[in-house]
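J.: Chain by chain, the residues run as shown.
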Amino acid sequence: MTTGFLTDSTLCIGCKACEVACKEWNDVPDDGFVWSGLSYDNTLTLGASSWRHVKFVEHQPRTGCGGNAPEHSTWQFSSDVCKHCENAGCLEACPTGSIVRTEFGSVYVQPDICNGCGYCVVTCPFGVIDRRPDDGRAFKCTFCYDRQKAGMEPACAKACPTSSILFGDLEKLQVRATARVAELHAAGMSDAALYNPTETSVGGIHAMFLIRGDSRAYNLPPKPEVPTSLLPQAWTAAGIAAGAMALASLAAFAMFRPTK
Amino acid sequence: MKATEERLDELRRQAERTGRVDAKGVRAIGAPLPEPGAEHGYYGLPLLKPPVWTWEIPLYFFVGGAAGASAMIAVAAQASGANESLVRDARRIALAGALISTPLLISDLGRPERFLNMLRVFKPQSPMSVGAWTVVAFSTFAGAAVFADELQRRTGARVKFIRDASGAAAALTGLGMSTYTGVLLGATAIPAWSQHVNMLPIHFAASAVASASSLLELCGHRHRALPLLASGAAAYEVVATEQIRRGGLTSTSLKTAALLSGAIPLALRVLGIRSKRARRAAALASLAGSLLTRFAWVEAGKTSARDPRVPLGLDVSPV
Chain A
189 MTTGFLTDST
199 LCIGCKACEV
209 ACKEWNDVPD
219 DGFVWSGLSY
229 DNTLTLGASS
239 WRHVKFVEHQ
249 PRTGCGGNAP
259 EHSTWQFSSD
269 VCKHCENAGC
279 LEACPTGSIV
289 RTEFGSVYVQ
299 PDICNGCGYC
309 VVTCPFGVID
319 RRPDDGRAFK
329 CTFCYDRQKA
339 GMEPACAKAC
349 PTSSILFGDL
359 EKLQVRATAR
369 VAELHAAGMS
379 DAALYNPTET
389 SVGGIHAMFL
399 IRGDSRAYNL
409 PPKPEVPTSL
419 LPQAWTAAGI
429 AAGAMALASL
439 AAFAMFRPTK
Chain B
2 MKATEERLDE
12 LRRQAERTGR
22 VDAKGVRAIG
32 APLPEPGAEH
42 GYYGLPLLKP
52 PVWTWEIPLY
62 FFVGGAAGAS
72 AMIAVAAQAS
82 GANESLVRDA
92 RRIALAGALI
102 STPLLISDLG
112 RPERFLNMLR
122 VFKPQSPMSV
132 GAWTVVAFST
142 FAGAAVFADE
152 LQRRTGARVK
162 FIRDASGAAA
172 ALTGLGMSTY
182 TGVLLGATAI
192 PAWSQHVNML
202 PIHFAASAVA
212 SASSLLELCG
222 HRHRALPLLA
232 SGAAAYEVVA
242 TEQIRRGGLT
252 STSLKTAALL
262 SGAIPLALRV
272 LGIRSKRARR
282 AAALASLAGS
292 LLTRFAWVEA
302 GKTSARDPRV
312 PLGLDVSPV
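Chains A and B, in that order, are what the protein sequence lines are.
Residue numbers for the first sequence follow my numbering, beginning at 189 and rising by one.
Residue numbers for the second sequence follow my numbering, beginning at 2 and rising by one.
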C-alpha cells in the first residue's frame with residue numbers, strides 16, 4: 189500500500205510535538221540550540237537532524253499599529269517534512285543505490301550504504317536532505333519505515349494532538365484533502381489550497397500540505413522540477429563538447445603533420 | 002536607521018504633527034528582517050541546501066578534466082605521427098591526473114571507507130554514478146597505456162596493440178572525464194548551475210583542453226598544435242564569459258577565472274606569437290584560469306542555493 193501524509197496547517201497549533209516525537213523515536217541528534225529571532229521558529233529549516241519542522245508563518249502588525257503588540261499578529265503554522273516525491277531527485281541522483289523506494293512508496297536512505305557523496309543534497313528541489321557534518325552520511329525523514337513495517341503510524345502523526353498530521357492510504361488522503369479544501373472554502377477561508385505539484389516533473393508528492401495563502405510564504409516552490417528532467421539537455425551538451433574536443437584535437441595535430 | 006538626537010527630534014515632530022509614527026520598530030535581533038510572504042518566501046530563508054563539497058571536488062574537476070583531455074591529445078598526436086616524447090608525456094599526464102583524481106574523490110566523501118559502494122550499482126540516470134564508473138575505466142586504460150609503453154621500451158615486449166587500444170579507450174573515457182562534470186553540476190536543483198546546463202559541459206571541456214595543452218607546452222613541447230588548441234579554447238572562453246554574464250552570474254571569482262582562461266591567454270598568444278615568454282605566460286594563465294573556473298562554479302552554486310528567490314519564482318532584480 190502506498191501511504192502518505194496530509195499535513196493540514198489550518199489545524200496546526202504550532203506545539204512542535206511532531207518535531208520532538210520524531211527526534212525521540214528516530215534518535216535524531218540535536219542540531220544546535222539557536223534563537224533565530226524569527227517568530228517562534230528556532231528550527232528554521234529541515235535538515236540532516238530536523239526531519240519535521242514547524243513553520244511559523246507570522247504576519248507582523250502593520251506599522252503604526254504598535255510594533256510590539258503580538259495580538260495583532262496573524263499566524264499560520266505548518267509542519268514541514270520530506271515530500272517523498274513521486275519522482276524523487278535524491279533517489280535518482282544517488283550513485284550507491286542507498287536511496288530506495290520502499291513498499292510504502294516512500295523514499296528511504298539506507299544508512300548502511302550511504303557513503304556521503306553529497307549529490308542528493310543538490311538534487312532535492314525542496315532542500316530537504318542534507319549531510320550530517322559529524323557523521324558524514326546524508327539523512328532525512330524515513331517516513332518511520334520501521335514503524336510502518338510493524339503496521340504503526342509514523343511517530344509525528346501519532347504525537348500530533350490536533351490531527352493536523354494525517355497518515356494513511358495516499359489515495360484516500362487525496363480524496364480527503366479535496367473534501368477538506370471544499371469544507372474550508374465553504375467556511376469562508378477562500379485562500380485554503382492543497383499543495384501537491386502534480387503538474388511538474390516531480391509528478392506529485394506523498395507528503396501533501398494543506399495551506400492558506402501563497403505557498404511561497406511557506407518556502408514551498410510553485411514549480412519544483414526533478415533535476416533528472418535536465419539530463420537529456422545536459423548529456424546532449426556533453427556529447428557536443430566531447431565531439432568538438434575529439435575533432436579539434438585530431439584536426440589540430442593533422443594540420444601540423446610532420447613532413448617525411 | 003541610527004538613533005541620533007536629530008532622529009529623536011524628528012520622531013517627536015512627526016508624532017505631534019500626525020498623531021502617529023510610521024516607522025518600523027527595532028527587531029530584537031538587529032537588522033530589519035523580511036516577513037514571510039509572497040515577496041520574500043519564508044523570512045527570506047534559503048529554500049535549497051548548498052552543496053557540501055569542499056576544495057577536493059573543484060580541484061578534481063580541474064585535474065580530471067586535464068587528464069581526460071591529455072589522453073585525447075595523446076591519441077591525436079600519435080595518429081598524426083608527432084614525436085614520441087610528446088605522445089608519451091600526454092599519456093603520462095593522463096595517468097598522473099587519474100592517480101590524483103581518485104584520492105580527491107575519496108577524501109571528499111562523508112564516509113571515505115565506503116568509496117567502493119559507488120561501484121555496487123550502475124545508474125545511468127545519476128551523473129555521479131556515471132562519473133564514478135568513468136573515473137575507474139579511465140584510470141584503468143590510462144594506466145594500461147603507460148604500462149604497456151614502458152614494458153615495450155624496457156623489455157621489447159610486443160604490446161604495441163595493447164598500448165594503442167588502451168590509449169584509444171583512455172581517450173574515449175577521457176572525453177567523458179572532461180565533460181561529465183558539467184552534467185554533474187548542470188542537472189541539479191541549484192539555479193546557478195541548472196540555468197547553465199547547456200553550456201557547462203562545453204565550458205568544462207574547453208577548460209580541460211586549454212589546461213592539457215598548456216601543461217604539455219610547459220613540459221617543453223613545441224608542437225604547433227598545442228598553442229592552436231589552447232588558443233581555440235581561450236577564444237571559446239571569451240564567448241562563454243559573455244554567456245555567463247548574461248546568465249546573471251557576476252561573482253568576482255567567475256570574472257577573474259574568465260579573464261585568466263579567455264582574454265589574457267588569447268591576447269598573449271596572438272600578440273606574442275613569436276615570444277617564448279609570452280607563450281609560457283599564456284600557458285600559466287590558462288592553467289590558473291582553468292583551476293579557478295572550477296572553484297568559481299562550485300562557489301557560485303553555494304551562493305545560488307542561499308537565494309530562495311529563483312526557486313520560488315520571485316523577482317530577482319537587484320535589491
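Keep in mind that the hints were calculated from the coordinates and are not lab data.
Some hints here could point you the wrong way.
Said to hold, decoys possible - Far from chain B, some chain A residues (derived; all Cβ distances over 10 Å):
(1) Thr-190
(2) Glu-246
(3) His-247
(4) Glu-274
(5) Ser-286
(6) Leu-382
(7) Gly-391
(8) Pro-409
(9) Thr-424
(10) Ala-440
Unchecked claim - Quick look at which bits of chain A chain B covers, simulated, 3 or more residues with Cβ under 8 Å:
(11) 348-358
(12) 428-435
Stated by the list, open to error - In silico contact screen, one side only, chain B against chain A (beta carbon under 10 Å); selected entries:
(13) Gly-177
(14) Thr-189
(15) Ala-209
(16) Gly-221
(17) Arg-225
(18) Pro-309
We put the beta carbon where it would ideally sit given N, CA and C, even for glycine.
J.: For this structure, which hints from the list above don't hold up?
T.: Of the numbered hints, 2, 3, 5, 8, 9, 10, 11, 16 do not hold.
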